[in-house]
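J.: Chain by chain, the residues run as shown.
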Amino acid sequence: MLAFTLRRAIQAIGVMIAVGIISFSMFRFAGDPVNQMVSMDTSGAERAAIRKSLGLDDPVIVQFGHYVANAAQFKFGVSYQFRLPVSQLLLERMPATLELAICASIFAMVCGILMGVYSALRRDTWLAHAFQAISLIGVSLPTFLIGILLIYLFSVTLGWLPSFGRGEVVRIGWWTTGLLTLSGLKALIMPSITLGLFQMTLIMRLVRAEMLEVMRTDYIRFARARGLTTRAIHFGHALRNTLVPVITVAGLQFGSVIAFAIITETVFQWPGMGLLFVQAVQNVDIPIMAAYLMMVSLIFVTINLAVDILYTIVDPRLRSTVSRAH
Amino acid sequence: MTEPVLSVRNLQVEFASRRGTLRAIDGVSFDIAKGEVLGVVGESGAGKSVTGLSVIGLIDPPGRIAGGEIRLSGLRIDNLPPEEMRRIRGKRIGMIFQDPLTSLNPLYRIGDQIVETIRTHLNLSEQAARRRAIELLAEVGIPAPEKRIDGYPHEFSGGMRQRVVIALAICAEPELIIADEPTTALDVSVQAQIISLIKRLGRDHGTAVMLVTHDMGVIAETSDRVAVMYAGRVAEIGPVQDVVKNPLHPYAKGLMGAIPTLAGDDKRLVQIPGSMPRLSAIPRGCSFNPRCAFAFDRCRVERPEPLPRGAQSVACHLYDSVPTESAA
Numbered sequence: 001m002l003a004f005t006l007r008r009a010i011q012a013i014g015v016m017i018a019v020g021i022i023s024f025s026m027f028r029f030a031g032d033p034v035n036q037m038v039s040m041d042t043s044g045a046e047r048a049a050i051r052k053s054l055g056l057d058d059p060v061i062v063q064f065g066h067y068v069a070n071a072a073q074f075k076f077g078v079s080y081q082f083r084l085p086v087s088q089l090l091l092e093r094m095p096a097t098l099e100l101a102i103c104a105s106i107f108a109m110v111c112g113i114l115m116g117v118y119s120a121l122r123r124d125t126w127l128a129h130a131f132q133a134i135s136l137i138g139v140s141l142p143t144f145l146i147g148i149l150l151i152y153l154f155s156v157t158l159g160w161l162p163s164f165g166r167g168e169v170v171r172i173g174w175w176t177t178g179l180l181t182l183s184g185l186k187a188l189i190m191p192s193i194t195l196g197l198f199q200m201t202l203i204m205r206l207v208r209a210e211m212l213e214v215m216r217t218d219y220i221r222f223a224r225a226r227g228l229t230t231r232a233i234h235f236g237h238a239l240r241n242t243l244v245p246v247i248t249v250a251g252l253q254f255g256s257v258i259a260f261a262i263i264t265e266t267v268f269q270w271p272g273m274g275l276l277f278v279q280a281v282q283n284v285d286i287p288i289m290a291a292y293l294m295m296v297s298l299i300f301v302t303i304n305l306a307v308d309i310l311y312t313i314v315d316p317r318l319r320s321t322v323s324r325a326h
Numbered sequence: 001m002t003e004p005v006l007s008v009r010n011l012q013v014e015f016a017s018r019r020g021t022l023r024a025i026d027g028v029s030f031d032i033a034k035g036e037v038l039g040v041v042g043e044s045g046a047g048k049s050v051t052g053l054s055v056i057g058l059i060d061p062p063g064r065i066a067g068g069e070i071r072l073s074g075l076r077i078d079n080l081p082p083e084e085m086r087r088i089r090g091k092r093i094g095m096i097f098q099d100p101l102t103s104l105n106p107l108y109r110i111g112d113q114i115v116e117t118i119r120t121h122l123n124l125s126e127q128a129a130r131r132r133a134i135e136l137l138a139e140v141g142i143p144a145p146e147k148r149i150d151g152y153p154h155e156f157s158g159g160m161r162q163r164v165v166i167a168l169a170i171c172a173e174p175e176l177i178i179a180d181e182p183t184t185a186l187d188v189s190v191q192a193q194i195i196s197l198i199k200r201l202g203r204d205h206g207t208a209v210m211l212v213t214h215d216m217g218v219i220a221e222t223s224d225r226v227a228v229m230y231a232g233r234v235a236e237i238g239p240v241q242d243v244v245k246n247p248l249h250p251y252a253k254g255l256m257g258a259i260p261t262l263a264g265d266d267k268r269l270v271q272i273p274g275s276m277p278r279l280s281a282i283p284r285g286c287s288f289n290p291r292c293a294f295a296f297d298r299c300r301v302e303r304p305e306p307l308p309r310g311a312q313s314v315a316c317h318l319y320d321s322v323p324t325e326s327a328a
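Line by line, the protein sequences are chains W and R.
Just so it is clear: in the first sequence, position 80 is 80 by the UniProt record's numbering, and no numbers are missing.
Just so it is clear: in the second sequence, position 185 is 185 by the UniProt record's numbering, and no numbers are missing.
Worth double-checking, as some hints may not be accurate.
Covered stretches of chain W (chain R as the covering partner; in silico rule of three or more C-beta atoms under 8 Å from a C-beta of chain R) [said to hold, decoys possible]:
| no. | segment |
| --- | --- |
| 1 | 68-78 |
| 2 | 305-317 |
From the structure, some residues in chain R lie toward chain W, with a derived Cβ separation under 7 Å [to be verified]:
| no. | residue |
| --- | --- |
| 3 | G90 |
| 4 | N105 |
| 5 | R119 |
| 6 | N123 |
| 7 | L124 |
| 8 | L168 |
| 9 | F294 |
| 10 | Y319 |
Just so you know, these hints were derived from the structure itself, not from any lab.
We treat Cβ as the ideally placed atom computed from N, Cα and C, and that holds for glycine.
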């Protein structure tokens, strides 16, 4: 188990170094950074001095080494447009994005699993058919359109929910949260639904298909022959077996929830990392883009690692094969 | 005469299909007394398993019990509401399935599965149920049960898993055990152990056992009585020695003739020509008549009903109102 975790961790570090190379090369291919920093009338000697002080004369491999060493300490340089450290900018925006992504994922998991279980167990009811229809809409409508439709319905027409922003936030240390104020919670509803709808339909369809599959297995038949209650069979035996693949998908999807947040944050003007990234792209603010790339990859890699470990906790068979195989 | 533990009368099971209703079980009747092992034998599709499943009330739609009666110690159980039938399953009727590798939920420790079943049926505390689970595992012959109880199914071999399945089936001291091909998926050496285990448990607890199999060797070794099924009907039923040594029904004769012996004679095994009819094309009259060497006109129009003959009972026109000698 330990060897397995260690192996996966080493693989994860390998992936991060590869991502580091890509984000590092963005600086080199997107023009001379010195030109971005100085004005038109800076002399050649001054430019050379800046170049030297920034270490841009060093061999590429040394520069990359510096870059990785700094990145490992969450130093990503200074933003061209804000003149502030990128890590500070990201840190300020991160709570907003994480709160949104977590709310969206919880919404997706809870609704997805409930709807999936219901439509598997009560396959022929009208509600199950309705869920199937909703899920079709969820997978086929693009995120931004759902966001705009929600804004039109609940903000413009009914006026119940705010159409943009995070509402009032409370500061706890460096973390800002919208979960403690009414306006913050209200502001969270529509972006969470918009962001989570796709995952929800995905999870619902997966749970439904898996559950139907599991209900046909021998051990469910044997559980019925043992006279267990329907409740114990459905929720104790069938659901737990269903959740093994669901955890994987939901976990891996959490990474894309954060990545997809770019669109939702743009639609709702949500002050998170995604919005920061979109602004950075518009202003060719390379340090922010590079740092965002590293951040998102780090989240993906961490989640992958966590899912692998979680998987072995839920499914005892993996635990022993894993420890035997490595 | 005491009341039989299981009494099945004129059972009919139908499956609704796109091409009309198929009758998988057509008028099956038999009894099993306390402590008795009834072997049910026949080819694949003869209706052995469906009979077992209908007794325990687990026929899945589109199948349904269309007629007849099933009584458990006098209580009629074929028409009970689902919740009451659930309480009987596992408590008064235990069932063992064919494949021990897939019968246990892979995600739960075997102890948890046993404790869960015990606590569903008996009013015991967690600790008491666990103690009982360990006793059960010891009884079915699992070594070091107090350690193995915390193992997961994949940590057990096939034979050991079937023992766990048996422990699960007997954990509430049922009156009846239905064993549906309990040894088919196992090694021959393990088969013998499992069979003697089932036999011993039946004897020790006075449990009635319905043993479904297509292995005549298993039947001969284990059963007190045997029912030979063909195309959803009982062709012949009687004490195991009589049916094996002196089968009456031409189909039963064919089956017994197809058992290899170790006696060393080089006789070719007898083969019954043809194959069992599909449910959608069961012939008129006796369903065995197209394959029967003794068939005559009456067999092609009139269906034979089971008639007692000594300790046996046989559904064949050869034995109907004709002097004894003309048979065989």
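J.: With reference to the structure, classify each hint as holding or not holding.
T.: Against the structure, the hints:
1. With a threshold of 8 Å between beta carbons, the proposed coverage of the segment 68-78 of chain W by chain R is violated, since 0 of its residues qualify and at least three are required.
2. Counting residues of the segment 305-317 of chain W whose CB falls under 8 Å from any CB of chain R gives 4; the rule of at least 3 is met.
3. The interface hint given for G90(R) holds, since its Cβ lies 3 Å from the closest Cβ of chain W, which is under the 7 Å cut-off.
4. Hint status for N105(R) relative to chain W: holds, with the closest Cβ pair at about 5 Å, below 7 Å.
5. Taking 7 Å as the C-beta contact cut-off toward chain W, the hint placing R119(R) at the interface is violated, the least distance being around 10 Å.
6. Below 7 Å, beta-carbon pairs count as interface contacts, and N123(R) has none with chain W, the closest being about 14 Å; its hint is therefore violated.
7. A least Cβ separation of about 15 Å between L124(R) and chain W goes past the 7 Å threshold, and the interface hint is therefore violated.
8. The closest approach between the C-beta of L168(R) and any C-beta of chain W is roughly 6 Å, which is under the 7 Å cut-off, so the hint is satisfied.
9. Hint status for F294(R): violated, given a least beta-carbon distance of 40 Å to chain W, over 7 Å.
10. The criterion of a C-beta within 7 Å of any C-beta in chain W is not met by Y319(R), whose closest approach is roughly 38 Å, and the hint is violated.
Of the numbered hints given earlier, the model fails hints 1, 5, 6, 7, 9 and 10; all others are met.
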